[in-house]
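Q: In the UniProt record's numbering, the protein residues as written are 1 to 655.
Honestly, the hints are just simulated from the structure, not real lab data. Treat each hint with caution, since some may be false.
As the list claims (entries may be wrong) - Derived SDA-like pairs: lysine to any residue, alpha-carbon spacing no greater than 20 Å straight-line:
#, residue 1, residue 2
1, 144, 75
2, 95, 175
3, 144, 423
4, 343, 327
5, 251, 343
6, 343, 311
7, 58, 124
8, 251, 162
9, 343, 188
10, 232, 394
11, 251, 326
12, 215, 193
13, 343, 326
14, 251, 134
15, 134, 152
16, 232, 251
17, 215, 201
18, 134, 107
19, 134, 289
20, 232, 354
21, 343, 354
22, 95, 166
23, 581, 596
24, 251, 289
25, 58, 394
26, 58, 166
27, 95, 25
28, 343, 193
29, 95, 107
30, 144, 215
31, 144, 44
32, 144, 201
33, 95, 55
34, 215, 228
35, 144, 164
36, 95, 179
37, 232, 179
38, 343, 195
These numbers come from a predicted model, not from an experiment.
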Amino acid sequence: MSFLNLGFRVLLVLISLYLHSSSSSFIPDDNYLISCGSSQNITFLGQIYVPDSSFHLKTPQNSNEIESNSTVPLPIHQSARVFTAISSYEFEIRKQGRHWIRLHFYPIPGHHLDSASFTVVTESFVLLNSYSFKSHNGSSFVSKEFSINVTSNTLLLNFVPSNNSIAFVNAIEVVSIPDNLIPDQAIGLSPSSPVNGLAELAFETVYRLNMGGPKLSPQNDTLGRTWENDEKYLHVNSSAANVSINPSFVKYPDDLTPDIAPNWVYATAQTMGDANVANLNFNVTWVLPVDPDFAYFVRVHFCDIVSTSLNTLVFNLYINSDNAYASLDLSSLTGNLDVPVYKDFVVNSTDNSNTLSVSVGPDADADEANAILNGLEILKISNGARSLDGVSVVGDLVVFPASRKKKIGVVVAAVLGLVVVVILLGLCYCWKAGRGSKKTDRTKPWLPLPLYGNSVTMTKMSTTASCISLASCNLGRNFSFQEIMEATNKFDESLLLGVGGFGRVYKGTMEDGTLVAVKRGNPRSEQGLAEFRTEIEMLSKLRHRHLVSLIGGNLDQIMDQNLVGKVNPASLKKYGETAEKCLAEYGADRPSMGDVLWTLEYALQLEETSSALLEPEDSSMNHIPGIVLSPLEPLDNSVSMIDGDDFRTNNGGAD
């Protein structure tokens, strides 16, 4: 490059800076520039970065500030915030939509930051996963630029140190950008078809190249972007020749603004040079390393600044091995020279290497063998896990603590839902109560016994509650109390076979002549309900010629028969107690949904039997004034089939 050419380029940069400062530019609604760990404002590239202490750092106790005592590459690298545990920045979003998130990293010497490993996530996207500065060989500092669509009024930026490590950041930028900067649709390659839904995805800037021109700083871009020179990515340096014009000559059409790319990008370009090959129809190729596990958004910028007449520059655009745009005639797209145009594509990396290649070459039917490329942007697209680094979703990497408002909302919703359930069950209760008591069907067929009994979770409840739970075990036929009384001659003591741990066992004869053993429960026995339930379940499972088999029982005729046909206040009492507990102030005092449903079902069973249960230790009836009952002994009756005519009696206490 000659000294005269270099001087001309410097002059063009100065002109571009003047034009940029005098033209209107996009004004972001959100523009957070944060100097992390700093105690004072930092000025960088004409912008002021404020200390992060003025922002909502949700867990300041998990971090500390450090400052450099030596020269740093950039002013924003003078300080850093170091995180020892998960920490979050919370930004208030004035306008929802697409935003830049820029993270600046410089491992200040003396603090072992170069070995830090950490993850950075928003509430929706994974930006960095187990990121380490060591992966950037030879770089003294790194800046990461992401673009996400913020759909809430706040943005949480979370730093998560890896195990036995720390996290750090020097500066953060959260800035609004135009929503149409990235379209919702682009052309997909291999196969060629439209790709939709891009507006909802996250992107990471991998490359942003200014072909044939110098590096452009954020001051040269209306959206604060950095454009680097392309030469180190050329496959063959001699294959390209750079050209340029005065940036003021660039004519933006009505539907394209400098927000897409600054005029300096369109004022410089790479064209075909002297590749020192016999065939002049060669391609100019750029090869760029990428992560092969992701798809990429590729934007190519064109502006015909070399032709002297229309329709003379016709060439092909290749991305990887695909002819992305054949016979591209810029004049037919723009209608004039020096008019910018861009095209968007969605592609994958090459199949055989971790690279993505972009090429331009002359069309075979073109009058002149030439091609041009002015700018190139390559953005990584978030994958199905909504991640830009790895395959883990946000929920696998960090669990967000619910805010106080969210907790209150959950409690209120739970209480309201519980009240609704209670009301619905209450309506069912009233409906069932109106139907009256059901008569026992003496001709009800015997139920088949299951090979294995059903498990029922037992809690510390009353005798009646446990019996009703056992009713759902499908343990055979539900005999009427009258049938059992007739079979045992009203529990005639002459038919007593023995005394078990839970009560007495009587010999009985059913209406059809079947010999049975009837066990009558005794609430004052030494054996508890859990043991009795275990015994019943074992009898339902066991089948042996020397053991009786359980064929059924009576679980509802355990009430005071003097109250048959009367309204049962006990069920109302249970219903009221349940509703009162559901409205307890503290969650620990409120019953679980399972307990609520069980208790209400219990109340319904009480009403259906139209009987009152005497609970010796805590009877609901004892607490209702004006109700006087004569207590009867609660009964539980199970019936077992006898194998043969002989009964086996064990008066020692075990059945």
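Q: Confirm or reject each hint.
A: Status of the hints after comparison with the structure:
1. 144 <-> 75: holds, 17 Å
2. 95 <-> 175: holds, 11 Å
3. 144 <-> 423: Violated, at about 56 Å.
4. 343 <-> 327: Holds, at roughly 14 Å.
5. 251 <-> 343: holds, 17 Å
6. 343 <-> 311: With a Cα-Cα distance of about 19 Å, the restraint between residue 343 and residue 311 holds, given a limit of 20 Å.
7. 58 <-> 124: This hinted pair holds, its Cα atoms lying about 18 Å apart.
8. 251 <-> 162: Cα-Cα ~50 Å, so violated.
9. 343 <-> 188: Roughly 12 Å between the alpha carbons, so the hint for residue 343 and residue 188 holds.
10. 232 <-> 394: Judged against 20 Å, a Cα distance of about 36 Å means the pair is violated.
11. 251 <-> 326: At roughly 25 Å apart (the allowed maximum being 20 Å), residue 326 and residue 251 break the hint.
12. 215 <-> 193: Violated. Residue 215 to residue 193 sits at ~34 Å, over the 20 Å cutoff.
13. 343 <-> 326: Holds, at roughly 13 Å.
14. 251 <-> 134: Cα-Cα ~44 Å, so violated.
15. 134 <-> 152: Cα-Cα ~34 Å, so violated.
16. 232 <-> 251: violated, 29 Å
17. 215 <-> 201: Answer violated: residue 215 to residue 201 is near 28 Å, above 20 Å.
18. 134 <-> 107: holds, 10 Å
19. 134 <-> 289: Status holds; Cα separation ~18 Å.
20. 232 <-> 354: holds, 17 Å
21. 343 <-> 354: violated, 23 Å
22. 95 <-> 166: violated, 33 Å
23. 581 <-> 596: Within the cut-off at roughly 9 Å; holds.
24. 251 <-> 289: The given pair, whose Cα atoms are some 33 Å apart, is violated under the 20 Å limit.
25. 58 <-> 394: Holds, at roughly 18 Å.
26. 58 <-> 166: holds, 17 Å
27. 95 <-> 25: Roughly 18 Å separates the two Cα atoms, so the pair holds.
28. 343 <-> 193: holds, 14 Å
29. 95 <-> 107: Status violated; Cα separation ~33 Å.
30. 144 <-> 215: Given that 20 Å is the threshold and the Cα spacing comes to 17 Å, the pair holds.
31. 144 <-> 44: holds, 17 Å
32. 144 <-> 201: Distance ~17 Å between residue 144 and residue 201 Cα, so the pair holds.
33. 95 <-> 55: holds, 18 Å
34. 215 <-> 228: holds, 4 Å
35. 144 <-> 164: Measuring from Cα to Cα gives roughly 24 Å; hence the hint is violated.
36. 95 <-> 179: It holds: about 11 Å lies between the C-alpha atoms, which stays within 20 Å.
37. 232 <-> 179: violated, 32 Å
38. 343 <-> 195: Between residue 343 and residue 195 the Cα gap is close to 14 Å, so the pair holds against 20 Å.
Of the numbered hints stated above, those contradicted by the structure are hints 3, 8, 10, 11, 12, 14, 15, 16, 17, 21, 22, 24, 29, 35, 37, listed in ascending order.
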